[in-house]
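J.: Below, each chain spelled out in residue letters.
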Amino acid sequence: MKSRKLVLGGLLAAATILATVVVPITANAAPTGDLIFVRNQDFASFNPDLAQNDSIFIQQQVYEPLFMITQDGKNVRPWLAKTATVGSDKVTWTIKLRTDIKFSDGTPMTSADVKFSLDKATAGDGWGFLNTAIDTISTPTADVVVIKTKFPWAPLLSDLACFSNSILKNNYGGATAADFFKSPIGTGPFKLDHWTPGTEIKLVANGTYWQPGKPYLNSVTWKYVVDDNTREFMLKGGQADINEEPPASSIASLKAAPGIKVGLFPAAQSRFLAFNHKVPALSDVNVRRAISYAIDRKALIKVVLSGNGFASNSILAPNVGFYDAKTPGIQYDMKKAAKELAKSKFKKGLTLEFLASGGSLEDTAVASILQASLKKLGITLVIKTQEPSVKRKTQKAMEYQMTTTGWTMDISDPDELLTFALSPEGGTNAFYTNYSNAKVIEAVKKGQTNVDPKVRQIAYSFVQKQVAEDAMMGFLYNAPYKYAWRSNITGFAVTPTYSYHMEDVKKG
Amino acid sequence: MKSLKTLYIGAGILGTLVLAAIFAPLITSYDPTEQDLLQTLSGPTSAHWLGTDALGRDVFSRLMYGARVDLTIGVLAVLLPFIIGVSLGLMTGWFGGKFDSSVMRVVDTVIAFPFYVLAIALVFIFGPGVKSIVVAITLVGWVAYCRIVRANVLVAKELDYIHAARLTGLPTSRILRRHMLPNVISQAIVFSMSDIVLSILAIVSLGYLGLGVPIPTAEWGSMIQEGQPYILQQWWLATIPGFMVVIVGFALSLIGDGLVSRLER
Amino acid sequence: MSTPLISVENLCVEIKTNRGLLQAIRGVSFDIDSGDSIGIVGESGSGKSITLKAVLGLLPNNAHVSSGKIYFAGQDIAKLEKKARRALLSETAGMIFQDAIAALNPVITIGNQIAEVPRYRLGQSASQSRQTALKLIEQVGISDAESRFDLYPHQLSGGLRQRVAIAIALSASPKILFCDEPTTALDVTIQAQVLRLLLELRRNSGLGIVFVTHDLAVVNEICDEIKVMYAGRFVESGTVDSTFNNPTHPYTYSLLKAAPDPDASVHRLFSISGEAPNLSEPVVGCPFAPRCFAGDTHCLTSEPELLKIAHSESACFKSKDHDKWAASDSKSGVK
Amino acid sequence: MGYLTYVGKRLIQTLPVLFGISVAVFTIVHLIPGDPADVLLGQNATPERVKLINHQLGIDRPILIQYINFIKDLFQGSLGTSFSNKEPVTKLILGRLPETGMLLTGGIILSILIALPLSILAASKRGAMRDQLVRAIPIIGLGMPQVWIGVMLILLFGLKFPLFPVSGFGDTFPEHLRSIFLPSLTIAILLSPILIRSLRASMLEILDSDYILTARAKGISQTRITFVHVLRNAVIASVTVLGINVAYLVGSMVIVERVFVIPGTGSLMIDAIARRDYPIVQGVTLYFALVVVLVNLLTDLIHAALDPRVALK
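Chains as they are written, first to last, in the working numbering: chain A, 25 to 532; chain B, 2 to 266; chain C, 3 to 337; chain D, 91 to 403.
If a hint is listed, it holds; no wrong ones were tucked in.
What follows is a list of derived Cβ distance ranges for each label pair:
#, chain 1, residue 1, chain 2, residue 2, range
1, A, G402, B, I28, 27 to 33 angstroms
2, B, L81, D, Q312, 43 to 49 angstroms
3, A, K98, B, I28, 54 to 60 angstroms
4, D, G217, A, K399, 53 to 59 angstroms
5, B, L27, D, E265, 53 to 59 angstroms
6, B, L27, A, A281, 42 to 48 angstroms
7, D, L223, A, T220, 42 to 48 angstroms
8, A, T514, D, K181, 34 to 40 angstroms
9, C, K81, D, E265, 58 to 64 angstroms
10, D, K215, B, L81, 36 to 42 angstroms
11, D, L223, C, G276, 46 to 52 angstroms
12, C, G276, B, R179, 29 to 35 angstroms
13, C, S273, B, L81, 51 to 57 angstroms
Hints in this document: simulated from the structure, not taken from any laboratory.
Backbone N, C-alpha and C define an ideal beta-carbon position, used for all residues, glycine too.
All chains, please: the whole structure from these sequences, using the hints.
T.: Shown next, in the form of structure tokens:
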């Protein structure tokens, strides 16, 4: 018992020292330079509860959470909070806050703001599920918050590091929710300047930011530019500084282009080939394994990612906490595929249907490559295309046989995906595959409620091995986050859970 | 004599395309959907005359087989609207009154309705593919013909030869068919020629929305759509199918002009 | 006699049609001076209106003057390019057409169309050209000029439209007016008014008139000289009185007989059998021979020249016994 | 009949059209599959969370009630608020009018500037080499995909000879003009062939008519004949053709908007359809309908103004 506390304490102690180091001793240079981001997503809202990729990055420059994910994406470090200690009952967490934090309107952040934000997040329809374990939040003093969980809950700190648990002003600073989200007040390095839906959103430096000397930039503007070619022109023409998600096919030429730097950041993101286990043929593990063996992942990576990515061997991406590199993920091997098929009841003349989303290069590639290789096994693959939203609905209604799906981790803790994808609590019938394996579900539960990392690693390694062997889904590949920027930009980095810190970026 | 020449040149070009489409298996040894993943995005080589696309499929054979889909869609998506539009145009122009104004209100509604929303609804009902594209274009396409023919009928109605035909007591249907139609149909024919090209291009915009012809069918519209991401490096992937559409457009415009001058003579 | 304003010598015109090259005019000559009034008569297709267009350079793209001379103020302008010839002639010659509604621009007011030449060619100011136009409107006998100025062609009657066309032709104060069957499309009463207008213009301002028609009665009323045209050539030319009373060419004679004579009581109307020859094949012999009552084998082999006979000219081998034709008719009971 | 009464009558006539469209788009949008909540929740969408959000958005109520509320809001001049960014739809549409308006007018003006001289050139000598060229070259514009044309223009005039901005709409009016030139040119390359074909055909017809003979007999200058006599009549027939195509264009400018990053109503609609953002789809559809009706009305008014023979009945 004691040893566990020591270990956790040690971890946090190290983190605190790290936090102090983080504060750079640079002169209080005034922020300079206006940075232009171009991306193919349009900002939607400052409401953390329903935020998706289109809005998360921008919210993270305005609001900040108590803890922050580390650059390697494996764990968290204190941010607005100084320390967090869990009591012997393993359910009472005492969190001490930094006292030098101010909101962008100059008012100091206190425990009341933290309680309001976390209670609101837990009640949210969108991301509220992350805080299901939280029971009560109390604020004994202005700089201390005590969280009681319903049962021992290891991923708490990772959950608190999620953008959905960012700290806003207590009861929206007196305004209504709608008005607050039109002109948000956070503790982040930037604050809202103006927003033109469908065109751009501009943030300017927050003068009262608690990290002295930061942000280095005067303003950051995100422009909504759907056409890949146009984004490239804007980057090369100097009308943009950073290009988010250039197409994989242009990476090679961008690397060669003068004055342009390319960043391929490791991503806690994976793509899967989902099987619907309700379909008789796909309920047979040998058929699933045969199909998984028949996926030519190298060719897929070449066509879809122009070589920028690697075949995945586990349901977890490499840079997620408790990822086990030794997981025996099935790789491309037609001989083994034939052997597996031979063991199944469906030797010859099997017909399966692949559901593709219209206009998606990935689906076109997966469908065509799979169709060709399954033909060699005597399996005919029929391709059915649907408009993207229609395809998602068909997939969720489990009216598909095989289709592509994927996941991006929002927190460093694997529990978010494993619960969603494997346990009945996730409410998705195991990622809409109808797969269920009692031992796996039990292991997920164990990993969730045990604070000791060693115990969690054993549980999660078992989960990964079993799911791979059961070929619940065909693991396709892990692709990096792709960014290209002009060479006078420094300090830009993206974490595996798809977030970045604009306060560290400089425009030379 | 002049118009005959243009008609023959146009028909010649279109004829070669149709023949190439029909005899595609003889012209190219590749199956349009056969992939060669070692040879993706290669430029024109001796093996692949026009190179290969992102999935290593032979571009030349996809062009030939694509012609089948596009020419059928182009013709089908124009034939029905032409017939519906011209007959409605004739009747609304000739009878006028309540019938005319109600049809015109329907015309305004159809023109004003965004094509994309209609297309999605149809794709949901019929499922993606050639059928729903043709139906979507038909539901919208007849409107242009109706307006063109109606405008001509309104003008022609006042001319003497129509008054004369009326006096002879001929049944209206005969007057419309024998006297009115040949004189008002020329602009509709000219428009139908460019309309065929517009129908083929509609597939490209539907592809943009994920409603195009389903993969992996070879079809010019989807080839343009699939070629777009590579427009900077492998520019020919999107350009060559576009060029084929231009050739079809050029041939059809020659035929259109030839027909019109034959009709007016 | 001073040289005539316009004199045409041996004019030939070819037209490219999809049935080959058509010899529409095969050597036509005539002179016209201010004050003169010539009628050109013939069946449709004889080339009479093409002659006018050829002289004024208004031939369509597929037709051109193949040979012959057109003297204007003593200088041959036949070889001049159409546009240049038009610019030269437009100061002295105007033209009016049969279908007035088609000859007027439907989207411009009649006042502006009349004022167009004074304003844009004679350089008059807007108000000056408006006054000129108003005066011209009155001159061609259209009442209430001020309110009619801003009307459009489709708002006027046939007769008024023809008067506007005349006003337009007069706007350049020409000395000669070429008329291409201007009254054919009008009913008789309106026709008489327009003809009276032309006569007044000739009398008051010495306007020369070249009047193309198939209606002999109109020529009789308005012209001094007459030229009968058949198959692209003049077959008879002379004063109206002599030709009407004493035709020297069988075609003219038949035309006069065919013209309905209101006061004579006639049981059956005489009509000339057969039709005009197709001018795309070369002409052998006298073109009128197949339909001629006085012709013989000689007429079939060579084409007669236009020669003086009595006090007019005629292109017929049998023209010298023209006075016997009337007698043989009375014998055969046909008047 | 005076202009005002005619315009009034026509506008009243459009009410049933707008009503018909509102019913049509409302039913279609609610019938096609794909939940807005599913899009809002993204990868976290579980069936029961989708139900919660649908309830929050009020789209789980029967369609008829939703339609009645929609009409009630409409009469108060509001088209509802967007599901995704909670902005009032009217503000979103109005925000994009300057861009769409300028792009459309730019496209029309450029296509007229291209079509007029070329068709005059072609009609001046029927069948000549220039006539063939003028008829053949624009077909390339009709055939080639808009994206290709747009990208080529950017490469040529945006990067190689940086005369025009590569993207965006700029802030000041002169910047607007510079930035909409290339996209308008792309639209014109698609629109002008249709205009040329119609203008050339009517010009050839007019050149054969008698009133051109009269004009020539008058000896007035060739330019005046071409512009006053030939063109004024030729334009009449082409106005209707232009009208039909402009109405079609309003809805289909999305590709040009995307390539040149001009936030127009076209891309607003396409984004909304993909996100199943019902209020925006309905609002923009009604906006399209209104624009198309106004364009048709304007075409008829111009047609009547140009051609005195046509009475406004």
